[in-house]
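Undergrad: Order-wise, the sequence lines are chains A and B. Quick note on the numbering used here: the first sequence kicks off at 9 and runs consecutively. Quick note on the numbering used here: the second sequence kicks off at 4 and runs consecutively.
What the hints contain is simulated information worked out from the structure, not anything from laboratory work. Remember, it's a predicted structure, so these values are computed and weren't measured experimentally. Every residue, glycine too, gets a C-beta built ideally from N, C-alpha and C. You may find that some hints are simply not true.
Here are some, though not all, of the chain A residues that point toward chain B, as calculated from beta-carbon distances under 8 Å [claimed, not checked]:
#	residue
1	249
2	253
3	255
4	338
5	372
6	375
7	386
8	399
9	404
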Amino acid sequence: MSEQTLITVKDLSVSFDGTPAVKNISFTVQAGKVLALVGESGSGKSVTARSLLGLSGGTVTASTLDICGHDARSLSDRAWQKIRGNTLSLILQDALMALDPLRPVGREINDGLKEHTALKSAERKQRVLEVLKSVRMPEPDVRAKQRSTELSGGMRQRALIAQALVGNPQVVIADEATTALDSQLTALVLSQLRALKQQGRGILMISHDLAQVAHLADDIAVMRHGEIVESGPTQQILEHPQHDYTRKLLRAVPSSVPRFTALSDLGAEETTSPARKIQDSEQHSPALSVKDLSKSFGKHLAVSSVSFELPRGKTLGIVGESGSGKTTTARMVLGLEKPDSGTVELLGERFSPSTASQRQNLREQMGAIYQNPLGSFDPRYTVGQLLTDALSRGKSKRASEYRKPITQLLEQVELSADLLARNPRELSGGQRQRLAIARALAPKPSVLVLDEPVSALDVSIQATVLDLLDRIQLETGTSYLFISHDLSVIEHMSDTVAVMHQGKLIEHGDTASIFGSPQREYTQKLLSAMPRLR
Amino acid sequence: MSRTAKICCLLVIGLWLLMALAPSVLAPGDPLAINPTQAFAKPGLAHFFGTDESGRDIYTRVIHGAGDSLAIGLAATALGMGLAIVLGTIAALSPRWLDEIILRILEALYAIPSLLMALLIIAFTGPGVGPAIVAVGLSTAPGYARLVRSQIRSLKNSEMLEAATVLGRGTWRKSRNHLIPNALKPLLALVTLGIGQAVIWAAALSFLGLGTPPPAPEWGAMLSAGRTYLHLAWWMSLFPGLAIVAVAVSATLIGRALGGKVKSL
């Protein structure tokens, strides 16, 4: 081999109190190459990454565990400390959590040098600035003195990467470094990783999303239940996947998949059968009509003169980065935030601005699904009580009176009736979101406002929830206002798309035309940053 | 909470309730019956806890005293909590200016030591059981009120309440079904702790002669009476004192057990 092998792992197993989390996996990380470990939550990918840093906290066994010439099976705590940050470093996911909010980022980065080098104070300062420059931090000397909370999201990501790079590591591990970031930040992190690869460092990328890693990784290893089910060059994995699970993951990626085409195996036959239920939009007023909506918080103009219409039985996708005003718009549509100006009409009637009693009759025509369903449930209620509460309009908690409609709702969202007595806390993320959908459907709404409904879910779970939403729209003719930062989800789910940027709706049109020939420069930039498989 | 802990808590609560509601089951005698020939009898088989200066049986009096002490503790805590819920809820839901006014008043009250405030109140009302309840209740209210306020404030802006709004629930239903139960649940442990505290304060007031008047069998009053004869008849002070400690300790332990349960949620 001409390439230099930096990390060799053979038959690595990690267990926690006898329960295996990683089972006999082997891989190598080479200089100037990117290896992506792809899998969903619980697949053992993060545990693998952590055991390379000696941080797994479980029992680690391996026949070979070689990290840049060190046998990592028999390292003392002191020796590990020398490796971490110096030979091997980790880029974490959430910059806001990973950086100490009370210390200037320059000092945070400096810490790594203090620990690992004998450099003098002035030299260290010089090195910190160099690293910040290398990740293209604007005005590095000013930023180094600021705290993470004073920096923008992009600058925080750069600081976090600089922190990982300051010790000049040979290998960088990126653990879900792009998850939950909007597309521009994702593009930033990916370009930084690409630069690291060109510098000849080895990169181990951990992600649940195949599309994210497709363009950067040289090799992909797909993990499931602690095992590597398939591995090989990226091209081969994407084009000729051998294992069923790999195919399932690939299929679950929603970008460029037309509407009502199932992403998961479960809904495969279902989605084609029923004809789409759409009332003649000529005869009816639109489900939702928003005119000139504006809202500012203090001096900050959050939403500026936004107008759109949502035809009955269709989906309007609103896409934009964090801070673009999507959620404020959703909250005004839902009547949770009073607009400074503008109106919201639901089924041709005034919904906002209006008083709670005036819109009481219309309330049930509009439901909402949130990113974190658990937060929207009363923690004292069981699954059955939540649905009873929704069905009885808050008048009863006794599930026995509503057995039939509850069973129907559960069937509609494909949840087992065995869950009725459980607390939502005991459900998985996908089950929770299904429950949230069931509850929102209880009053038979005409419009559902979905604010980042699948952003917290693994791709394969996301696929089943999106399929479910598709099927419900076909069956009930419910209109969706679908809000997401994820372009591929928006592309798959929407009939029309509205792009928001800095509080303004800058482009609005058919999904095909927005994604095919975007007119505005911002939209073009946004789309070019979108990770794609197909 | 483990099963054993639950059973223990229930047993202790049951025992106290039995003492408070049907003291004659445990101590069939008359707590007020005087028998001068038996004055200052040492603890023994005839009198488990001995007798006092008038020959009244201390055991019977301690058992019969549970009713008053617990009633004062419960009533005072209920009064304090009730007031706190009203004030705290109003403060949390009202516009900023009213919230600020209520907060300042609560802070001013909070700054006065509770027992001192109880004494002040009794200075106005005169001594007695009723005034003792009012005094202890009022002096604990500010602390609870601040907690209720912050609980409701954080819940008011929660996704849970927004979800209820979107489902079309009115203010009344939202408050009754979601806001108040969820705000009060974490306070349950605190209230249990508070009952123990209130029992101690009620006893303290009686000890100072400001609560239940003698010769009624109230623990604080009994302690006070025993103080005069401490060198002669230690049992007159020891057993009512132990009773107060026992109530306070069991309330604390139950409160802790409940607190653990709330935390684990």
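Undergrad: Run every hint past the structure and note whether it holds.
TA: Results for each hint:
Checking residue 249 of chain A against chain B: minimum C-beta separation of about 39 Å lies over 8 Å; hint violated. Against a cut-off of 8 Å between C-beta atoms, the interface hint on residue 253 of chain A is violated, since the closest Cβ of chain B lies about 34 Å away. Against a cut-off of 8 Å between C-beta atoms, the interface hint on residue 255 of chain A is violated, since the closest Cβ of chain B lies about 36 Å away. Violation of the interface hint for residue 338 of chain A is found here, the shortest Cβ-Cβ separation to chain B being roughly 11 Å, above the 8 Å cut-off.
Interface hint at residue 372 of chain A: satisfied, since its Cβ lies 5 Å from the closest Cβ of chain B, which is below the 8 Å cut-off. Because the closest C-beta pair between residue 375 of chain A and chain B is about 6 Å apart, less than 8 Å, the hint holds. Taking 8 Å as the C-beta cut-off, the interface hint given for residue 386 of chain A holds, the closest approach to chain B being about 5 Å. Interface restraint check for residue 399 of chain A: the shortest CB-CB distance to chain B comes to about 10 Å, outside 8 Å, so the restraint is violated.
The closest approach between the C-beta of residue 404 of chain A and any C-beta of chain B is roughly 10 Å, which is over the 8 Å cut-off, so the hint fails.
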